[in-house]
Amino acid sequence: MMKYLMVLLSLFSGSVLGMGRVNELCGIDSVKTIEIINLPSYVTTLVPLSKEGLNEIYRYKVVVNEISDLYAGKIIDLLQMKYFRKEKYNNIRWGVSIISKGNNKCEIYFDAFGECGSVNGINVCFEKK
Numbered sequence: 001m002m003k004y005l006m007v008l009l010s011l012f013s014g015s016v017l018g019m020g021r022v023n024e025l026c027g028i029d030s031v032k033t034i035e036i037i038n039l040p041s042y043v044t045t046l047v048p049l050s051k052e053g054l055n056e057i058y059r060y061k062v063v064v065n066e067i068s069d070l071y072a073g074k075i076i077d078l079l080q081m082k083y084f085r086k087e088k089y090n091n092i093r094w095g096v097s098i099i100s101k102g103n104n105k106c107e108i109y110f111d112a113f114g115e116c117g118s119v120n121g122i123n124v125c126f127e128k129k
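Be aware that the sequence shown starts at 1, since it is given in UniProt numbering, and climbs by one per residue.
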C-alpha cells in the first residue's frame with residue numbers, strides 16, 4: 001500500500017527527491033518582517049514565470065514590519081507544513097520573504113494555486129490538508 005502511495009505522489013508532484021518540513025529549509029525561529037509580492041493569475045505570460053521574473057514584474061507588494069509575537073508564532077507554526085521536493089519548475093505567482101530578528105531570510109514562492117513553488121531556491125510541492 002505504501003509503495004502504491006509513493007508512486008502516486010511521485011506522479012502527482014513530478015520527480016520526488018525528498019520530503020520534509022518547510023522550516024527545515026528556512027531555519028526561521030523569529031519573524032521581524034514579511035514581504036509579499038503577487039502577479040495575478042489573470043495576467044498572462046508567454047512562458048512560465050520564475051521567481052526572478054516575478055521579482056521583476058509583480059503587480060502588488062505588501063511589506064509588514066514589526067510583527068507581534070502572537071502573529072510571529074503563528075507564521076512559524078505555518079512553516080511546519082510538509083513539502084515534497086521535485087525537479088521541474090513552476091509558474092510562480094506569489095512570493096513571500098520572511099526575515100527573522102537575526103536577519104535570516106526565507107524566500108517562499110508559490111504558483112497561483114499555492115500547490116507548488118520553491119523554498120530558498122529548492123523546487124517543492126506542498127502537502128495538501
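None of these hints come from the bench; they were simulated from the model. Glycine included, every Cβ here is placed at the ideal spot set by N, Cα and C. One should not assume that every hint holds.
As the list claims (entries may be wrong) - Taking CB as the label site, the calculated pair distances span:
hint, residue 1, residue 2, range
1, Asp69, Tyr89, 22 to 30 Å
2, Gly73, Leu46, 39 to 47 Å
3, Glu87, Lys61, 28 to 36 Å
4, Thr45, Gly121, 37 to 45 Å
Status of each hint after checking the structure:
1. Checked against the hint of 22 to 30 Å, the C-beta distance between aspartate 69 and tyrosine 89 comes to roughly 36 Å, which is inconsistent with it.
2. For the hinted restraint 39 to 47 Å between glycine 73 and leucine 46, the CB-CB distance of approximately 42 Å keeps it satisfied.
3. Judged by the Cβ atoms, the range 28 to 36 Å given for glutamate 87 and lysine 61 holds: they are separated by roughly 30 Å.
4. Distance hint check: the CB atoms of threonine 45 and glycine 121 are about 21 Å apart, inconsistent with the given range 37 to 45 Å.
Violated hints, listed in ascending order, are 1 and 4; each of the other numbered hints is respected by the structure.
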